[in-house]
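Place chain B on chain A using the hints.
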Amino acid sequence: MDVLLQAIVNGILLGGFYALMGMGQNIIFGVMKIVNFCHGEMLMVGMYLTYMLYTYAGIDPYLALPLVALIMFLLGAGIQHTLITPSLKTKSFTNLLFLTVGLGLLLSNGALVLFGSDYKSIRTSYSQTNIMLGPVSVALPKLISFLVLIVVTIALFSFLKYSTTGKQIRAVSQNPVGAEVCGINVKRIYLLTYGLGIALAGIAGCLLTQFYSIYPTAGASFGFRALIVVVVGGLGSIPGAFFAGILLGLLEQMSALFISPSYSDMIVFITFIVILVVRQLLIMRRR
Amino acid sequence: MLKVENLNAGYGSVNILWDICLDLNDGEVVAVLGSNGAGKTTMVRAITGMIRPTSGSVVFNGEELCRKSSRHILDAGIVQVPEGRQLFTDMTVLENLQMGAFSKETKEHFQENLQKCYQWFPKLEERARQAAGTLSGGEQQMVAVARALIGMPKLLILDEPSLGLAPNIVDDILNVAKTLAKESNISVLLVEQDITKALAAADRGYVIENGRVALSGSAEELAANEHVKKAYLGI
Numbered sequence: 001m002d003v004l005l006q007a008i009v010n011g012i013l014l015g016g017f018y019a020l021m022g023m024g025q026n027i028i029f030g031v032m033k034i035v036n037f038c039h040g041e042m043l044m045v046g047m048y049l050t051y052m053l054y055t056y057a058g059i060d061p062y063l064a065l066p067l068v069a070l071i072m073f074l075l076g077a078g079i080q081h082t083l084i085t086p087s088l089k090t091k092s093f094t095n096l097l098f099l100t101v102g103l104g105l106l107l108s109n110g111a112l113v114l115f116g117s118d119y120k121s122i123r124t125s126y127s128q129t130n131i132m133l134g135p136v137s138v139a140l141p142k143l144i145s146f147l148v149l150i151v152v153t154i155a156l157f158s159f160l161k162y163s164t165t166g167k168q169i170r171a172v173s174q175n176p177v178g179a180e181v182c183g184i185n186v187k188r189i190y191l192l193t194y195g196l197g198i199a200l201a202g203i204a205g206c207l208l209t210q211f212y213s214i215y216p217t218a219g220a221s222f223g224f225r226a227l228i229v230v231v232v233g234g235l236g237s238i239p240g241a242f243f244a245g246i247l248l249g250l251l252e253q254m255s256a257l258f259i260s261p262s263y264s265d266m267i268v269f270i271t272f273i274v275i276l277v278v279r280q281l282l283i284m285r286r287r
Numbered sequence: 288m289l290k291v292e293n294l295n296a297g298y299g300s301v302n303i304l305w306d307i308c309l310d311l312n313d314g315e316v317v318a319v320l321g322s323n324g325a326g327k328t329t330m331v332r333a334i335t336g337m338i339r340p341t342s343g344s345v346v347f348n349g350e351e352l353c354r355k356s357s358r359h360i361l362d363a364g365i366v367q368v369p370e371g372r373q374l375f376t377d378m379t380v381l382e383n384l385q386m387g388a389f390s391k392e393t394k395e396h397f398q399e400n401l402q403k404c405y406q407w408f409p410k411l412e413e414r415a416r417q418a419a420g421t422l423s424g425g426e427q428q429m430v431a432v433a434r435a436l437i438g439m440p441k442l443l444i445l446d447e448p449s450l451g452l453a454p455n456i457v458d459d460i461l462n463v464a465k466t467l468a469k470e471s472n473i474s475v476l477l478v479e480q481d482i483t484k485a486l487a488a489a490d491r492g493y494v495i496e497n498g499r500v501a502l503s504g505s506a507e508e509l510a511a512n513e514h515v516k517k518a519y520l521g522i
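So the protein lines, in turn, are chains A and B.
Just so we're aligned: 267 in my numbering is position 267 of the first sequence, and the numbers increase by one with no gaps anywhere.
For my numbering, count along the second sequence from 1 and bump the result up by 287.
If we strip away everything but chain A, and leave its shape as in the complex, we get (with noise of 0.2 angstroms):
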């Protein structure tokens, strides 16, 4: 029983990592309908950069967490200034397919380059600390993550829902030409957009580094699930893309306890094909 719910805390925990990549990856869907292939590796660039910053610099990874997100965000918007918004005039799906993954390999293999492939880590005077929630034990960077992940996700939520700017970004989303004819500067919300969107991978990133090993392809499995959880939980729904991750979570280490912790990446994957064809299969009997 207490391992049970040890592993339900467990993937609540992970899911919450799925769900800030799935946010990040949907809001840049959702308003360029483009799908951002190298999501993972802007997840790996933020972990470099939060190691980068506690070896060299001294900055507690949580101190550093905003100065993360805010390079994250510039570096997201020069990307799409300097090569996305060109190759998005060009209408041509391909073309920014073959550009994200390009990016991706570039970034990946840059960080191969810079740092080698040994697996790095970074190692707080409270790494270490669990904090016991009545039969279950959670490390302290597991649960501050969690905390951090919930209070970006009501501000993200409220960002988009409340504030001018996030009506435009919805209003871009939902029709481009619309916003074009009220006065909205279209470009400017892709700059944002996609900006809002690799700073949440970059916060991912940033609170992995406590808990999880920094390498040049540590973020691609992060990548895939980004995917599944925009699928699943709906396009342009922030709500969704939260309760998606944190399923997807359980739905792993549910699998890793009850089958094999080996087959976990499997059973995501197959369970996420199912969701697909039998998706298709309702949407075709409903027409």
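It is worth saying that the hints were derived from the structure and are not from the lab.
Errors might be hidden in some of the hints.
Restraint ranges, calculated between C-beta atoms of paired labels, are given here [claimed, not checked]: (1) E399(B) to G134(A): 54 to 60 angstroms; (2) V101(A) to K290(B): 47 to 53 angstroms; (3) L450(B) to G110(A): 24 to 30 angstroms; (4) L520(B) to V177(A): 30 to 36 angstroms; (5) R279(A) to G299(B): 35 to 41 angstroms; (6) G102(A) to V346(B): 46 to 52 angstroms.
Just so you have them, the derived chain B footprint on chain A, three or more residues with Cβ under 8 angstroms [what the hints assert, rightly or not]: (7) 172 to 178; (8) 182 to 194.
Each residue gets a CB set at the ideal place from its N, CA and C atoms; glycine is no exception.
For chain B alone, kept in the frame of chain A given last:
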């Protein structure tokens, strides 16, 4: 107030509009008529800066607007109700209207303009918190017109307001346009395929065929014109 001269525009290397000339006075309702594919919407897009004209001039209240950005043209006071309405369907009616306030001035006057819109279209006040996509076609067209009015236009361009709507709703919308022109001194450029209804609402009109102005004149003249009767009214 609006003077369009020798406007040429198109998409890529394909030219659609050929030397369009057109003018419009304060408080006037002018119809631009033509069949599907004549170039009416391209003309709207060229005047509002959503596509860049290849040559020509668009002078509005003394300012040359040709080849200016769409935002600049909005700020100058030309606001359009686009073809197909282009609403934000998952956002509420109120949020759609908020998006119409693009400048500092229109944001400051938002509340009073919103009340005016609710007077024009009382249905919208009832539906303010409802997603725009759940409204009927006529109500959606009202949202689109109201969204443009929130932008405090000096010139309102209505692109195919009758598209897919019941005749009595078209009459309502055209009546509002007419009243706006007479009472609030907003000029209206009415782009329409439904020539009978458009000529009934307009003071003057232009007929566009194959991207060129084929005919122009007062609404009565056009309605009586043999070519118009034959080609468009089926008489």
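Quick rundown of the hints versus the structure:
1. E399(B) to G134(A): 54 to 60 angstroms: Given about 58 angstroms between the Cβ atoms, the range holds.
2. V101(A) to K290(B): 47 to 53 angstroms: holds, 51 angstroms
3. L450(B) to G110(A): 24 to 30 angstroms: violated, 52 angstroms
4. L520(B) to V177(A): 30 to 36 angstroms: holds, 32 angstroms
5. R279(A) to G299(B): 35 to 41 angstroms: holds, 38 angstroms
6. G102(A) to V346(B): 46 to 52 angstroms: The hinted range 46 to 52 angstroms holds for G102(A) and V346(B), with Cβ atoms some 47 angstroms apart.
7. 172 to 178: Three-residue rule met by the stretch 172 to 178 of chain A, so holds; n is 4.
8. 182 to 194: holds (count 4)
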